[in-house]
Amino acid sequence: MESAPILKLEHLGVTFPNHPVFDDLNLTIRQGEMWSIIGKNGVGKTTLMRTILHQLHPTHGKISYLPSQGDVKIGYVPQFRNIDADYPLTIKDFVGLNLTGWKLPWLSAKERAKVQKILDQTGLKQLAKRPIGQASGGEKQKAYLAQALVEAPNLLILDESTASLDPVTKTELLDLVTELNQRLKLTVLFVTHDIPMAQKYTQHYLMMTPGKVEQGPIANLTTEKVWEGENV
Amino acid sequence: MFSYEFMRNAFAAGTIIAIICGIMGVFVIARNMSFLTHTLSEIGFSGAAFGVFAGWAPLNGMLLFTVVSSVIVGQLSARSERREAATSAISALFIGLGILFLSLANKNASYATSILFGSVIGISAGDVQQMLWLSLLVLVVVFVIYRFLKFDSFDHTGARVKGLWTNALSITFLVLLALSVSVAAQIVGSLLIFILLTLPAATAKYFAHTVGGMMVLAITLALVGVWSGLVLSYATNFPVSFFIAAIEAIFYFIALGWQRLQTAE
Ligand SMILES: Nc1ncnc2c1ncn2[C@@H]1O[C@H](COP(=O)(O)OP(=O)(O)O)[C@@H](O)[C@H]1O
Ligand SMILES: [Mg+2]
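Sequences listed follow chains W and Y, in order.
Each residue of the first sequence is one higher than the last, beginning at 1 in the working numbering.
Each residue of the second sequence is one higher than the last, beginning at 1 in the working numbering.
Just chain W, with the same shape it has in the complex (with noise of 0.2 Å):
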């Protein structure tokens, strides 16, 4: 039975100034699907996760959310980040940083708790107490997750996230994402341009080269244009 959709893109196309990037995108993405965003660096990838963020406006086209229950809230971890070494920021203040509003300057103790909580579901529960500076790679990119998914999102957003980790820490990573989707029913869009990891993480493609994009499954997409020019 196919769930219900929650994210449309219909005829989506975006330009900047003299360099068009995709157009004539269509997509309908459905709750608790895991999708690769799949493409060479410069092809747009980014491009598209920020017009679906609302960050960017698309040039033609248009996106909808059609939650099933309430507000389709997404959790984006960002591709680059850029936090100083010496910060006394440990991996817990830095996941609560994401509980904003005009709120009082300590958290909760429901705020707290909940960040307990996917503190115990990322795994960083040993770490909780690290500066987040003095974190390794991939204790980094748990902690940006778990930031994410701090706030309870529908739809997760990870760009690139796996693309400076080793082999072991990728599929640690990724496994713990697949937990949630299969648990919480979080949709995923899992962008990248590693494509063994996509067809063995998620089940739906969307294939992204210059000029064309296109989805299905991964035997028919033309993936050697991905693999030109990646040194892999």
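One side only, chain Y facing chain W, incomplete, derived with CB under 8 Å: (1) Tyr146; (2) Phe148; (3) Phe151; (4) His156; (5) Gly158; (6) Gly163; (7) Leu164; (8) Thr210; (9) Gly213; (10) Met214.
Because the hints were derived from the structure by calculation, they are not lab data.
Glycine included, every Cβ here is placed at the ideal spot set by N, Cα and C.
Starting from the known structure of chain W, fit chain Y with the ligands onto it as the hints suggest.
For chain Y with the ligands alone, coordinates are given in the frame of chain W:
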């Protein structure tokens, strides 16, 4: 020592300043704004000189200049490399203007000295009250926007991708910083104000484990510096800003040394 009214005023003012600087300093350090803070204090000098020239209280001239310029700097801060160069140019211009205003005002040199280097005896009960109100304003705004400000200061990317109003936050913070600079300059002088707004927090960064802890430690270090500065200045007749600068700098170097030892292990 406390039998003199001016010393009581100086201690009250110093305490307010230390608290404001400890709290704001944490964000100044997290947002990498030491350099801008320095410039704002130079702009403050110019504003104070203008105040003297116009026959106002120097603090009011300072407030006018720093608040207006912080809004302008906030607008042009899109690219940080450009901001550094633009900020240097602005600061040169304002120091020049300050010197001009002072010479036009025809006041004696001691006026310039106390604006630049601060003074203990110049502070009246009225000044203390004005500083108190301004500081309360800063504290209340920080309290209200705390969660947004913390997110944006310690994880700018995260705050931006969440769609927080980071530009408005940045301008709001600069205005708060302008107010703090003006308040704090009353004792340590505009030349050294960035010391209290940056060094205690920069030192605290190395010892604290949480943002809250960093704030408490920064306030403590600022308080220790200001209070002992006042006592030593009273005892020796040397300028208070010398002692404050020396004490805060020593704390900072101890922190750096401590950090070295930690990483060397
Ligand atoms: N804000 C922008 N203005 C102009 N061009 C941009 C902007 N953001 C990205 N681009 C360009 O759009 C293209 C796609 O970028 P991006 O979406 O980041 O690629 P990817 O994430 O697939 O590596 C690139 O050529 C990039 O230079
Ligand atoms: Mg990208």
